Amino acid sequence: MRRLFLGVLMALVGFLQGQTPSERPTVLVVAGLNPDHGLGVRVAERLPAAVEKLAATDAELRAAMERVALWVVPTLVADQQASADAAPLRDLRVNQTPVDDDNDGLVDEDGPEDLDGDGIIATMRWPDPEGRLMPSKEDPRLMVMADASKGERGMWSSTTEGIDNDGDGLINEDGPGGVDLDRNFAHGWKERERAAGLSAPSEPATRKLLQQVLDHGRVAAVYVLGHRDNIATTWRTNDAAGGRAPNGVLRDDVSWSHALSEEMKGILEANDGADDWPDGGFHHWAYGQYGVPAFASRVAYRPELPADAKFAGGAAPSTSEGRWLWIADQRKNGFIPWKRIDHPTLGSVEVGGFVPRFAQTVAQERFEAIVAAQARAVAALIKALPELQVATIHSRSLGAGVFEVEVELTTRGQVPLFTASARKTRVVRPVLLELSIKNGTLLQGSARQLVDDLGPNGRKKFSWLLRCSGTLEVSVSAGSPRTGSASASLRVEGN
Amino acid sequence: MRHGLCCILTGFVLVASALAQNIEPTPKARVVIPWNHFHDYAEMTEVLKTLERASDGWMRLESIGKSVEGRELWLATIASPRDAANATKPAMWIDANIHGNETQGTEVALYTLWYLLENRERLPMVRELMERAVFFVLPSMNPDGREWWIHGPNTENSSRSGKAGIDNDRDGLVDEDGPDDLDGDGSITTMRMRVARGGTHIIDPEDARFMKRVKPGEEGTHVLLGAEGIDNDGDGAINEDGPGGYDMNRNWPSDWQPDWIQGGAGAFPLCWPETQAVAEFLRAHPNIAALQSYHNNGGMLLRGPGAESAEAYSSPDIEVFDALGKAGEKMLPHYRYMTIWKDLYTVHGGSITWAFERLGIFGFTNELWADGQYGAEFGDQESFRKDRTLWDERLELGRNLRPWKAIMHPTYGPIEVGGFAKTVGRVPPPFMLEELCHRNMAFTLHCAAEMPRLSAGEVHMERVDGDLWKLRLEIRNAGLIPTIADHVARHAAVRPDLAQIAGELTVVSGGFLKGPVQDEKFVRQAKRPERLLLSTGVPSRGRVTLQWFLTGVNGAAPKGRVRFEALKGGVLEVDLPELR
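The listed protein sequences correspond, in order, to chains G and A. Here the first sequence is numbered in this note's numbering, starting from 1 and rising by one per residue. Here the second sequence is numbered in this note's numbering, starting from 1 and rising by one per residue.
Hints are not guaranteed to be accurate.
Computed list of lysine-lysine pairs in DSS-like fashion (alpha-carbon distance at most 27 Å, straight line) [said to hold, decoys possible]:
id, chain 1, residue 1, chain 2, residue 2
1, A, Lys66, A, Lys49
2, G, Lys137, G, Lys339
3, G, Lys208, A, Lys66
4, G, Lys190, A, Lys342
5, G, Lys460, G, Lys383
6, G, Lys383, G, Lys53
FYI, nobody ran anything at the bench for these hints, they're computed from the structure. Small disclaimer: the values here were computed from a predicted structure and weren't measured.
All chains, full assembly: derive it from the sequences and hints.
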């Protein structure tokens, strides 16, 4: 156990110094891709100890951790965290790279302002005949898009709190920064959106992470804590044309990915799922191009409401936002009542709405429960990883000193040895199967061969023809850095 | 008196020698460079430094980064010395040799530098171009690959890669089994072996230097064993994991696709130091308005899109490419103007398509040297081989075709190696290299001359009534290339042109119009009219008209200045007319 903890500490240190962690197949956990998801960072920092604690009472996990390592990268935005957490409290997806978001030749010239001085960048709403928003039927404090097909007319507009700093008629269209690191990877990368970066990856932090994963060569699964989520909802299935990069899980990966996803969903009590189209996220790259199981969790899922929950107006919460509003009312925080103020260009506006990062604000007890649940989800991923085994090895004499040696390789674990994505992208190294003969010659078959598929049932036979005139001694080893290795040997007394 | 006479005589001598220079049919070059030679890295570096020293400050040499093996990525800038406007003048980017074996482009780039510097004083057309434009020239983007092709054993087709190690056969070893120059002649040719049975080829009865495949059912005397090499790593395969093994011209961010869709693309866009350094330079110099990349071979002037799935280019942009491409066909016999995906093949993540689609730089890839220049018709393989063989015999006196030579192969036993060396096919024969350089340079200078050339038309200011004035100013572009390509304008990828007015005045309203003036068609900018944003720029051989409604100070006429800034067209400043 101490070995595990030290290994992970070394991993945390190793990341900072550009070294790579242990020699075993590795589950990589990444948090802090965005500066405004501090909860993910705090949970990630607690994970190694939490997983270690679980292993104390879970024999299967303990056994898995003898051959699988855990590598935690708690944040990619350490240098930005203090300023991101400083007042005013605000959403902040992007890093500090200057970006001319509105393409007007001025950079970062129009960001939000705390107009009512409450230390929070909230929302502004104002009546607007060309607006597209209207008060929700659940509760008028919520603003929703009007549905023209139902004859609804939006008469409101909203944006984040602030003024038109550069006088171009737009408010807060070019704030400080930046690039969203969790949209800066190549799978599904949105070339034309400035927040996705000028290339995939373009930022030093993402380029470094990518290079470390590729150099490490043993990452067998990825788990991301942040704004993204592919657990609360089932992974969408790929429907891209053949020869194009997949936009979902490949058909042959559906069964294990759905099963694992369901298991994690139960552990985490994940809800409010939404589509997770590939758009440059790290976990999108990890599955779609690197070919390993990759999951992302929002971390702070919504607590369930009692069945009879109602708003003051009598309506029952029916949307995710509505439910969060009901929770905010119970907690007496999290939603700022709309309050009128004067705005320099818009005239009379109201400031209010959800407090940024409200979902992440959890009491200590709930935080501990979240840490424990995330540790169980990571444990499920560790236990699901494939374990390569040499199931059987035997020989058959064909006469004249000729033997057939046959070996069956199998894999144990929910996740196949190579996912369909890994076989397609061919980025991860195949398994190297080697036969060595002590005193004989190989007549037929390869002494070294590469294996990247054990078939749909996860088992495959390999055979060789040898000639040996004395005692037959052969040994077989199979392995790769990402899968670990297995070996077996055989000895048949001489004839 | 005598002093004055000396001056006059000296003057006569100077004028006489200058006149002599001008009437001399082939003046001696100030810097003499052999144009029938492929320069390796050391020689190229020496040429560049010599040109810089002799350039009177018109050329500046710098390194923009280092290759995988630590060679400098030399960048030469040609610009008027100490001219503050250089940072905003339209600039032309020229690069070559991104593929290691695509060698002759480097000579074209060096020739371009040399020719401009040699003729700056001699030819007014050259001087005028050098004064109003800047040239950024990167003679070799892949100096590691270049060095490997020139000095290492290769075919005409190998190796386009850089020298970062790639485990092509995924066996955990990197670059462990490349081709081997078994007969030590500097080229990788073909291996053949005489066999008693199962032969697939016979010696060609028409030309004993070649092998001919037998018909099915017939017995041959030989088998062909592929390119020269041995099984270095004992895995049963020969030459399956040579040096490198990637393609830097598939590594750029636009429509980048992973390796299984686009072979050689690298682990992620701009993953290599060479592509990263060039991308950073291009982004840092938004005044680059045109681009030329040199490759081989085939005799082509290529433009994007690179893939059918990529967004099609629009008519205004295609018209610019068409005009330049067709001009190129006239200047480069045997070269055809083509669209990459439609006329050649699909390329994901190519450099010139990224430069156009994200940076708005009109650019061509020239595939240097066409088969037709051997005098060959585009016939079948066999007639092409015959043409090439005649060429080798009669014009190059046997320089390229290696006769079959017996050697001992470690696993095959006695075999023979022979065939065409790497010096034929994709690279021109040395005696035709200078023409290739000059014609391609001339095409490039033609494109450079067509970069945006902005000028202000007349300023019209008139009183509307009372203290309200109307100001109109035309900005004209005499260049074929617009200040902002339609593609990047539609995607807001490049900063709009800016028209700013300031002085003793107040702006009441402002806007602009493209094309012929019609009062009601002005696009009014509602906010901050003193800083107009022209997202569509100034069109190809076209104009925009700026219009402001102004008041002056204390009832006087407005006084001040208009400043027009186009990233790819430079800066114009125009004073308001002095009126009472």
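We went through each hint and held it up to the structure:
1. A threshold of 27 Å between alpha carbons decides the hint, and for lysine 66/A with lysine 49/A the separation of about 17 Å falls inside it, so the pair holds.
2. This hinted pair checks out: lysine 137/G and lysine 339/G have alpha carbons roughly 20 Å apart, not beyond 27 Å.
3. With a C-alpha separation of about 19 Å, the suggested pair lysine 208/G and lysine 66/A falls inside the 27 Å cut-off, and the hint holds.
4. Distance hint between lysine 190/G and lysine 342/A is fulfilled; the C-alpha atoms sit about 25 Å from each other, no more than 27 Å.
5. This hinted pair checks out: lysine 460/G and lysine 383/G have alpha carbons roughly 22 Å apart, not beyond 27 Å.
6. Annotation: proposed proximity of lysine 383/G to lysine 53/G holds, straight-line Cα distance about 15 Å (limit 27 Å).
In this structure, every one of the numbered hints holds.
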